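> Spelled out from the first residue to the last, the chains are:
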Amino acid sequence: MTTAGAHGSLDRLPTGIPGFEQISHGGLPKGRSTLVVGTAGSGKTVYGAQYITAGAREHGDGGVIVTFDESPEAVVRNLDAFGWGLPELIDTGKIAFVDCSPSPDEDAVEMGDFDFHALLARIRAALERVGGQRVLLDSVTALLPQFYSEGRVRRELSRVVHGLNDMGVTTVLTAERIDEYGAIARHGVEEFVSDAVVVLRNPLDEQRRRRTIEILKFRGGSHQSGEFPFTISAAEGGMSVIPLSAIELERPASTARVSLGNPGVDELFGGGVYRDSLILVSGPTGTGKTLMALSFIQAAIDAGEHALMFSFEESHNQLLRNASSWTQGMEEAERNGQVKIMSAYPERMGLEDLLQRVRREIDSFGPRRVAIDSLTALERVSTRRAFREFVVRTTSLFKENEIAALYTNTSSMISGGETITDAYVSTITDGIMLLRYAEIEGEIRRAAAVLKMRGSKHDKRVREYTITPNGIEVGHPIEGAHGLIVQQQRDGRPPPPPMYGE
Amino acid sequence: MEGTERLALRLYVSGGTPRSRRAIATVRAMVEQLGRQDAVEVVDVLETPSRAEEDRIVATPTLVKHAPSPSSRVIGDLSDVRALMDALGLAPPPENRADKETA
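Line by line, the protein sequences give chains Z and L. Using the numbering used here, the first residue of the first sequence is number 1, and each one after it goes up by one. Using the numbering used here, the first residue of the second sequence is number 1, and each one after it goes up by one.
Hints should not be assumed to be uniformly reliable.
Quick look at which bits of chain L chain Z covers, simulated, 3 or more residues with Cβ under 8 angstroms [said to hold, decoys possible]: (1) 6 to 18; (2) 41 to 49; (3) 52 to 63; (4) 66 to 72; (5) 82 to 90.
I should point out that these hints are in silico values taken from the structure, not numbers from a laboratory. Note that this is a predicted model, so its numbers are computed, not measured. Note that the Cβ used here is the ideal one computed from N, Cα and C, for glycine as well.
Build the full structure now, drawing on both the sequences and the hints.
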C-alpha cells in the first residue's frame, strides 16, 4: 500500500465517526484535504456531516459546510433523523453553512475566464465566524456541471483546496463515482485532492446491499487496507465503521473457569469453561439447545453477573415461559436489570446493525455472558460473507471484553451431521458440544458429547442425557454406540476424520 | 422605455485583478450605452465576503441582474458589451442602435 513515511508522521484529526479512527490509525490527515467518493446513496454526505457535527460536539471544533447541491435547509432536514443537533450547533455559532446551491429559476451564462476567489473568501469568512477547524465541500461533483469549462473548474477547485490547506483547516470533499469499482471519481476530481482518498461502497452481495468503506490512500501516513463494513442508522446516530478487531492477535487467555449452569455439562467440559470461551452447541431441533443457552444465562444470574441473550428462535414470552419451568428467577433478573433478553426477527435487523447493537450493549450494559440462539436464524437472512464477518467480529468483541459466549446452531438432519456453520464456526470456537438423537435399544434417546475444548482435557465419551423439569440431566456414557457423533460410512470404510480440532 | 423599467445589476469581483478590471470596464461601458450608469453596484468579495452570500456567489467575476425579471447571471471576465447585453436579455437603446446602423 501507499504508506510513505512512518506511522504517525502526520498529525491526525479524529473524525468522530465510530470505528473510522481505528481503520485510519487516528483520523484524517490534519490540515490536509481528503476526498470521499462513492456512488449515489453511498453515504458521502452522512460521512461529511458527521465529521463536522461530531467535531463540533465532541472536540469543540467549529465547522463549515459548503453545499453545492442542496440548500442548507434541505441538508439540515435530511440529517435531522440522526439527532446530531445540527440546528442548535448552527444557532450557537459552532457550525456555519456556505450556500452554493444553484438557483433553479435563474439562467447562468459563462463568458470568459473566472476564478473561485469568492468561494474561498466566503469559506474563510465563515471559518472566522465559527472559529472553524473543519470544512466539508459537498459535493464537488454537483459544482462541475454548473460551468462549461471543466478544466477551469478543476483548476480553481484545486486552488481553493490549496487555500484551505494553507489556512491549516482539515477539509473533506465529497465526489460521486459511477461504478463501485471503477474510476475513482467523475471529472477527474481526485487529481487535485491528492492527500487522501476514502471510498464508500454500497454493492450488491448475493442480492443484499452491503456498505463498505476503504481508505485508498493517506499520503505520508499509515492506515488499514481493505474494505470494512459500515452501517448508517438513525438509532445509532449515523455512520459506524466496523473495524476488524485484532482477533488474530495473541491475547492472554483466561484460566478462570465459569459454569455452564449445569453440573453434568460442566463435567463434560472438564469442569466448566474458561472465562473468555466461545462455546458452540450444535444439534437438531428439539435436543435442548435453547435450554442450554438458558442454563448458561442462569449461571450468570447465580454468579451475580450481567448477561445478555439474543433469542431469534422464540419470542420473549415463549422464552420466559420455558425459563420459568427450567430455571429460577429469570423474569426477576430481567426486571432488576441483571439480564437482558432481546428477541427480534433477524430479518428486520441486518447483521451489521446487530453487531453494532452487541457492541453498544457491551459498552453500556457490560454483560459477562452473551448467548445467541441461534446462529442458524442469522445465517438464513444473510450472505455467507456477512455471516462469517459477524461471527468473527462478535467473537473478537467477546474475547476483548472477557465475555463468555454461547452460540447455538441447528443441524438439519435429525441424527446430526455437519452443517456449514459448524464447519466454519468450529475453527474459532473454544468448545463444541454436539447434541444428537440416537436409537438405543429400540428407543429414540438423546446423546451428547463434547468434541473439542481448547486448552483443556474434557470427557471424550458419548453420554446419554434427558430433558427433565430441572433442565438437562447428563447420564451414563453410551458404550458400544457407533456413528452417533462421527457418522460411519455405510460401505464400512472408516469414517472421515472429524472436522473439528482435537 | 428608458427609465420606466428598473435595472438593477450587481457585479461581484475579487480585488484588483486583470479579470476584475476587464469585467468592471465592460459592465461600465454597457450601462453607459444604456444611459443607466447608476444601475450597477460593484462588490469586492475580498473586502466584504458577506455580501456574496446573498447571491450565493462562487466564481468571480459574476454579474447578477436582479431586475428586470427574470433574474440571471453572467460568469466570467465579460470582454464584449453586445454579447453581455444579449446574455442579460437587454436591448440596446434605439438611438444607439440607429448610430450603429448608420455608422
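> Next, verify each hint and record whether it holds.
Structure-based check of each hint:
Only when three residues or more bring their CB closer than 8 angstroms to a CB of chain Z does the claim for the region 6 to 18 of chain L stand; here the count is 4, and the claim holds. Counting residues of the region 41 to 49 of chain L whose C-beta sits closer than 8 angstroms to any C-beta of chain Z gives 3, which meets the bar of three, so the coverage hint holds. Here the region 52 to 63 of chain L counts 9 residues with a CB under 8 angstroms from a CB of chain Z, which clears the bar of 3, and the coverage holds. Only residues whose beta carbon comes within less than 8 angstroms of a beta carbon in chain Z count, and the region 66 to 72 of chain L has 3; three or more means the coverage holds.
Residues of the region 82 to 90 of chain L with a Cβ under 8 angstroms from some Cβ of chain Z number 3, which satisfies the need for three, so the listed coverage holds.
Checked against the numbered hints given earlier, this structure breaks none of them.
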